[in-house]
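Chains as they are written, first to last, in the working numbering: chain A, 9 to 247; chain S, 51 to 229.
Just to be clear, a hint being listed does not mean it is correct.
What the hints assert, rightly or not - Cβ-to-Cβ under 7 Å is the rule here; a few derived chain A residues that face chain S:
| id | residue |
| --- | --- |
| 1 | Ile65 |
| 2 | Val150 |
| 3 | Cys193 |
Said to hold, decoys possible - Straight-line distance between alpha carbons at most 27 Å, and here's what the computed DSSO-like set of lysine-lysine pairs gives:
| id | chain 1 | residue 1 | chain 2 | residue 2 |
| --- | --- | --- | --- | --- |
| 4 | S | Lys138 | S | Lys61 |
| 5 | S | Lys192 | S | Lys128 |
| 6 | S | Lys60 | A | Lys72 |
| 7 | S | Lys63 | S | Lys138 |
| 8 | S | Lys223 | S | Lys192 |
| 9 | S | Lys211 | S | Lys223 |
| 10 | S | Lys128 | A | Lys72 |
| 11 | A | Lys72 | S | Lys138 |
| 12 | S | Lys211 | S | Lys192 |
Bear in mind the hints are in silico, worked out from the structure with no lab data behind them. For glycine and all other residues, C-beta sits at the position ideal for the given N, C-alpha and C.
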Amino acid sequence: MNTYWNYWRDLFWNFMLEPASAAPLAALRVALSGTLLLQAFLMRTTLLDLFSTSGFIQGSLASKLSDQSLPRISHLTSVLGQYGIDETFCIFFVCLSLVASLVLLLLGWHTRTAALIAWLTHWTLMNTADATTYGVDQFAHVFLFYLIWVPSGSIWSVDARAPGAPPSVSSGARIGLRLLQLHLCIAYLASGLAKAQGIQWWNGELMWRALQLPVYRQFDMNWLASWPLLSAAMGWMQC
Amino acid sequence: MSRMPFYRTKKLKLAVGAVLVQLILVIIGAAEIELPGNSWLVRALNYYGDASGASAGYGFFAPEVTSQIRATFDIVDKNKRHIRQEWKDETNREVDLRLGDIVEQFLNGDEDEAQNLQHDLAASLSGSVFARHPDAQSVTMKLEQFVPVSMQDFRNGHRAKWTFLYSTTFEHKHIVMSQ
């Protein structure tokens, strides 16, 4: 009995702690910060429309559409407003802080601090324009939070070149890797189970209907109506 | 292949414990389970769930694809000219996705608050249209829904089309200062 217990215990600790390379974590850091910088570039002309109280979501409506207890630009405005600083300044300050921290994260310079600032500013912007967020924002928020804690800067970074830098292979990297892997497993499992409850995912209607919606209609897919089994198989594979 | 040696230090064990707690919260969030009660612990866990993203749900496109809605604006300027504008950005996919998310809000809210929310949203979006067209006298927002037909119906000759959902008009009021 004791041997059996020891076997599973050792297996668990090996699974969680056996030193691993931080390269996958660094790849996530570079890919995520690069993607968010590209996103910021694409949104550069609509910042005030998205985040200002005189933009798309005006006045008190924003408070109806999101949780007021979470950090928002309006909180910053109400504090700094008494010093004559207006909402526009606050929006640009938060957005520029996000961009600057993403650049540092991309380079891996003061990586964890950069991740902390990027996570906080990204979360603030998400809460401010809650009605406009989608899946990419949600995953970016999760990954930025994890980058504060995992050693993603111990390889492919400016930090890794500093004297006394931590090793690129470590138990910490393994823990971070397992956290990300298991989180994604849970996300995919939950997503698959939620989809499996819908009949459209089984009978082929979902792929057909999704491809008929103008927002996803890139090509003429009307021929798919004559191939319901093919449409069903596409749904099963996604599910 | 030989395993690399490592030590189970207290710090590492604590980190593993924190990871397990985080993953439990991720499971609770993914299963869309609401923590019971309103104690400080539940409030703290909910706040932490939002901060870490652990409370996120992952039911994208689940359980089914229903419909798409679109908003169009009929703007009448001071010369009585009509300008039709769709609530979208054809040049920027990233912005267009977010504009679509805003319009999707029209379908949210329970029955009691849906009407108020729809009116507030329509006023808000029309307000931003007024801001882009300073000479606009009135803005009529029309909401339409596209519900795809089934494969069987399509084979039988039916076709999906945009159908009317909601419409409202806002007029520009001139404010006259009295002496």
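Tested hints:
1. Ile65: 6 Å, holds
2. Val150: Constraint on Val150/A satisfied, holds at 3 Å.
3. Cys193: It is violated, given that the least Cβ distance between Cys193/A and chain S is near 9 Å, above 7 Å.
4. Lys138/S with Lys61/S: 51 Å, violated
5. Lys192/S with Lys128/S: Roughly 21 Å between the alpha carbons, so the hint for Lys192/S and Lys128/S holds.
6. Lys60/S with Lys72/A: Since the Cα atoms of Lys60/S and Lys72/A sit roughly 45 Å apart, the hinted pair is violated (cutoff 27 Å).
7. Lys63/S with Lys138/S: With a Cα-Cα distance of about 51 Å, the restraint between Lys63/S and Lys138/S is violated, given a limit of 27 Å.
8. Lys223/S with Lys192/S: 21 Å, holds
9. Lys211/S with Lys223/S: The hint is violated at about 36 Å.
10. Lys128/S with Lys72/A: It is violated: about 34 Å lies between the C-alpha atoms, which goes past 27 Å.
11. Lys72/A with Lys138/S: OK: Lys72/A and Lys138/S at ~23 Å, within 27 Å.
12. Lys211/S with Lys192/S: This hinted pair holds, its Cα atoms lying about 15 Å apart.
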